[in-house]
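Participant: Let chain E serve as the given structure and place chain P on it in line with the hints.
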Amino acid sequence: MIEFNMPSLGADMEAGTLREWLVKPGDKVKRGDIIAIVETQKGLIDIEVFDEGVVNQLLIREDEKVPVGTVMALIANGEKGTGKTLQRLGKETETGKPVEEWQPVIAPHLVKASPLAKRIAAEKNIDLQTVKGTGEGGAITKEDVEKAAAQKAVMNEIKPPATESIRMAVAAAMSKSNREIPHYYLQQKIDMRKALAWLVEANKLRGVKQRLLPVVLLIKAVAKALTAVPELNGYWENGFRHKDEINIGFAISLRSGGVMIPAIHNADKKTLDELMTALNYIIPRARAMKLKSSELSTSTITITSLGEANAELVYGVIYPPQVALVGFGSIIEQPWAEQGMLDVRPVITATLAADHRATDGATGSRLLMYINNYLQKPELL
Amino acid sequence: MTDEEIKHVVVELFKKIAPDTEPEKLAPDDDIRHTLEIDSFDALQFVVALDEHFGIETPEEDYGKIATMKNLIYYIQQKKTRLPT
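So the sequence lines, in the order shown, correspond to chains E and P. Everything in the first sequence is counted per our numbering, starting at 1 for the first residue and increasing by one. Everything in the second sequence is counted per our numbering, starting at 1001 for the first residue and increasing by one.
It is possible that some hints are incorrect.
Below, simulated SDA-like cross-link-like pairs (lysine to any residue); rule was C-alpha separation at most 20 angstroms, straight line [to be verified]: (1) 1065(P) x 1041(P); (2) 1015(P) x 255(E); (3) 1016(P) x 283(E); (4) 1016(P) x 50(E); (5) 209(E) x 1028(P).
Note that these hints are calculated values from the structure, not bench results.
Here chain P stands alone, though its shape is the one from the complex:
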């Protein structure tokens, strides 16, 4: 998957969890939770959705690595390439 394709999926996931927000307008370095006003419950739903859509488990200690769109896409790319095909 290209970065753009991952971003597209991620934006859709955020829209499902937080309707009325505009995740497509997130700048690469924006703090996602702060900008979209996502609480810890919604954040956990997002981590569950990452698992369902990309098959990647995000341990709690990695939450800091997915705080911005740029880091989130990088994180997903890294995790996916490590997965057995």
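The following block holds chain E by itself, in its conformation from the complex:
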């Protein structure tokens, strides 16, 4: 039997609220299946499993809030005994709460409501207990929830609740980082003339939907540089833990304030087109606060890119338990001296914030040099 636990979706997450089970006892599950929807400070997250088996028991009721690491379900995989954890994402039992205290229960539904009604209620933050059902046997329908949501919107027009919880999630993670991680910083100006010229030509060959943004060159350059400087890819957990997979957490700012940092998995192995496809997939979902558990918990380093017409330099704060963050300012035309000549070039300033417990400045400097070198040979990215 395997235990399926409430996953940790970041250093700032202590608990999550189960909003919906997408499986029932007896259902077969396989790696990558989304089996539950959990609400966290970062919105509704689709929770995936990472093994095969048959759902044996659901131990948590819908709408119940439990600490990270709590056993949520038992899944039979043909093995006897417990101990193997199905949910392998992130750090387990960060809160240290003993799992044994938990009294298993079979999930009775607290309120009768259609799955669609529940999903809409979760998205709109409507407590189903307060909604009167007009469906069969008093069941709550989609229309009931929408009516309740409309009433709530009228009463609560000023501020969406998500904004505040995202703010608190960012606050918790960044406070932890500042408290525990001794940061050091390096910066490097990079001439982007060749990279941008290459991109103009590359985009001429592409249709509108396939066009690449400069940021994919930056992501790929960082990912390739990390293969040469692996000391900056991983976690600090009582010592440095190197990770083989290079999963880039890409900081996406939300219009309402706050940031989401979904992961682009195996970025070093993706082509530029595949990286652009990944961005097209995660950015709209991050802004809608609808990400998957694997995207929020597996980043091994973070990139923050300010984009066009913004500040020219950013010193980042590391997202724990990672050990480095690469920042890119806006590309700005600047005077550029080279071989005794002065010219004007599009220049980007790359910065590195790194954990001094894990590495020293010489290592960090090597990473920035590699990033620079790769951006001078965009055709090889």
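Facilitator: Frame of chain E; chain P shown alone:
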């Protein structure tokens, strides 16, 4: 299409890409990206949407020609009249 009709469609496209903004309040000469705080990713989504809704491809070198509402409407009118019917 009249200028007003094009503006109506464009406003709807911006609302889809950047909810919580008020593109209908854009003055003809406002810098659209600056006013609506649209980043390069959203800007690319808008160019894709222009292609889908009006059937016009906007090459990268033309991005400067669609920076304000006035120029954007003019650009769409020009491109549409050049298209075979």
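Participant: Hints first: check each against the structure and report whether it holds.
Facilitator: Hint check:
For the hint pairing residue 1065(P) with residue 1041(P), the CA-to-CA distance comes to about 18 angstroms; that is within 20 angstroms, so the pair holds. Our distance criterion of 20 angstroms between C-alpha atoms is met by residue 1015(P) and residue 255(E), whose separation comes to about 13 angstroms. Proximity of residue 1016(P) to residue 283(E) is assessed by CA-CA distance (about 14 angstroms); at most 20 angstroms being required, the pair is judged to hold. Of the pairs offered as hints, the one joining residue 1016(P) and residue 50(E) is violated, with about 35 angstroms between alpha carbons and a cut-off of 20 angstroms exceeded.
Simply put, residue 209(E) and residue 1028(P) have alpha-carbon atoms about 28 angstroms apart, too far for the 20 angstroms limit, and the pair is violated.
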